[in-house]
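Starting from the known structure of chain R, arrange chain V on it as the hints suggest.
As given, the protein sequences belong to chains R and V, one line each in that order. To convert, note that position 88 of the first sequence is 87 in numbering that gives the first Met the number 0; the numbers rise steadily by one, no gaps. To convert, note that position 84 of the second sequence is 83 in numbering that gives the first Met the number 0; the numbers rise steadily by one, no gaps.
Do not take every clue at face value.
[To be verified] Calculated pairs, DSSO-like style, for lysine-lysine (alpha carbon to alpha carbon, straight line, at most 30 Å):
no., chain 1, residue 1, chain 2, residue 2
1, V, K103, V, K121
2, V, K113, V, K2
3, V, K20, R, K257
4, V, K69, R, K173
5, R, K257, R, K173
6, V, K70, R, K154
7, R, K170, V, K113
8, V, K66, R, K154
9, R, K170, V, K66
10, V, K103, V, K66
11, V, K20, V, K113
12, V, K2, R, K170
13, R, K257, V, K66
14, R, K154, V, K2
15, V, K2, V, K121
16, V, K37, R, K154
17, V, K113, V, K70
18, V, K121, R, K154
19, R, K173, V, K103
20, V, K103, R, K214
21, V, K20, R, K173
22, V, K69, V, K2
23, V, K70, V, K2
24, R, K173, V, K72
25, V, K72, R, K214
26, V, K37, V, K121
27, V, K121, V, K20
28, V, K2, V, K103
Just so you know, the hints here were simulated from the structure itself, not pulled from any lab data. If you're wondering where the values come from, they're calculated on a predicted model, not measured in any experiment.
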Amino acid sequence: MSGPGKTDRLISYLTAILLFGAAVFLIISGNTVLGLGALCLAGLSWFTSRRLLRRQGKPDREWLLDERLLQTQKLAAMGELAAGVAHEINNPLAIIRQEAEWTGQVLRQAEIPETPQLAEVRDSLREIVQQVDRARDITAGLLNLARKREPVIQKVDLNRLIRDMAALVEKEAKASNIQVIRRLQEGLPLIESDAPLLRQVILNLLNNARQAVGKDGSITISTRQAQDRRIVITIADTGSGIPPELIRHIFDPFFTTKEPGTGTGLGLAISRGIIHSLGGDITAASRAGEGAEFTISLPLRPETGVRHAATA
Amino acid sequence: MDKFRVLVVDDEEDFLETIVKRLRDRGLETHGVLSGEKALQFLEGQDTDVVVLDVRMPGMDGIETLKEIKKRKPGIEVIMLTGHASVESGIQGMQLGAFDYVMKPVPLDELLDKMRQAYERKVIQEEQL
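Bound conformation, chain R alone (with noise of 0.2 Å):
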């Protein structure tokens, strides 16, 4: 990986103008709490490209460290302003809801004869409807994505937990004529992490995976305990596969390769945040045409900074 180049920096200053100026905006007309949420994300960002700056002509391993750093602060910023606006937006949101609702109860209730103009009315307050809730879908997302859910950490039989998601995946992958192949290394240990947050990503990566075949195909999950003792997952599918100039964003928020309006572009970004949170590592590789595959790897137990469970 090389350094940063012009047209980054240019962006990065560019972005902390445009934020300053929102900030600005937003404070003279009255939302104070959005406005200062602007102003850190400013100050960061102008931060940030101070130290781009700086930071030419340092070896790539160095740099590469310091990227990771900043990805991490600029994320956890992020995810704090954007949970305020998921909270900002919740409200609005519900009131649109509840009015479209009314306003069929109202239609039903006048006993308007039945006539096309109605029948078009109908139709556009489901959906109304509809799309608040997929502003909804979003908004849940972006709340996921910055809640900080300190893991939980108990004795974890990963296969088993692997067996379970796959199974629950499989009906359906079935139904496509997509086949799911387990190769689960027999006797491995019983690790320390977080259940429930494993099965929220385990769930999520099968599902895109099955997505990505669409029909006829295979999705193969494995794991396996690497030399140093950690336990590896992959996750690999028979789909289209991510074109390289795009798999670098795959874990961004609000990056999908989907269609529109079927996913939010938070579930890798959410799970990343849950396996960072694990103390573990995740990566995506693809050739186009050739599928895609996820590697999970996990401590057998979370470094330090993560508190124990009690019971052995």
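Just chain V, lined up with the frame of chain R:
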């Protein structure tokens, strides 16, 4: 593992009766209700550790009920139980903080095992507070 308190929510009366009986037989303090609304009422009045919740119910469905339980009593662990495996609602359930999403029919021992883990999680969480 000590005794813990369980609420089973399912609209199928026959299923509910049997499972409540069997869980009591295993020494768990178990109650059963037939709907999500009744579950919320029950939880208002009685301390509960683990809820086993059917996904498909008339009226308030399992996902709605889960959302309400987690809003009102976030400490309670919920195991979703479903007759129709739906990946979509599985993802939703896990995102909303369910402990597990289990397909019916499930052997009682397996369910008990999951319930014990769910209870253990509740205890750990309470200790962390």
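Hint check results:
no. : hint            : verdict
1   : V:K103 / V:K121 : holds, 24 Å
2   : V:K113 / V:K2   : holds, 14 Å
3   : V:K20 / R:K257  : violated, 47 Å
4   : V:K69 / R:K173  : violated, 33 Å
5   : R:K257 / R:K173 : holds, 21 Å
6   : V:K70 / R:K154  : holds, 27 Å
7   : R:K170 / V:K113 : holds, 22 Å
8   : V:K66 / R:K154  : holds, 26 Å
9   : R:K170 / V:K66  : holds, 26 Å
10  : V:K103 / V:K66  : holds, 21 Å
11  : V:K20 / V:K113  : holds, 18 Å
12  : V:K2 / R:K170   : violated, 35 Å
13  : R:K257 / V:K66  : holds, 27 Å
14  : R:K154 / V:K2   : holds, 20 Å
15  : V:K2 / V:K121   : holds, 13 Å
16  : V:K37 / R:K154  : violated, 33 Å
17  : V:K113 / V:K70  : holds, 22 Å
18  : V:K121 / R:K154 : holds, 14 Å
19  : R:K173 / V:K103 : holds, 18 Å
20  : V:K103 / R:K214 : holds, 26 Å
21  : V:K20 / R:K173  : violated, 36 Å
22  : V:K69 / V:K2    : holds, 22 Å
23  : V:K70 / V:K2    : holds, 25 Å
24  : R:K173 / V:K72  : violated, 38 Å
25  : V:K72 / R:K214  : violated, 41 Å
26  : V:K37 / V:K121  : holds, 23 Å
27  : V:K121 / V:K20  : holds, 24 Å
28  : V:K2 / V:K103   : holds, 24 Å
In summary, the numbered hints that this structure violates are 3, 4, 12, 16, 21, 24 and 25.
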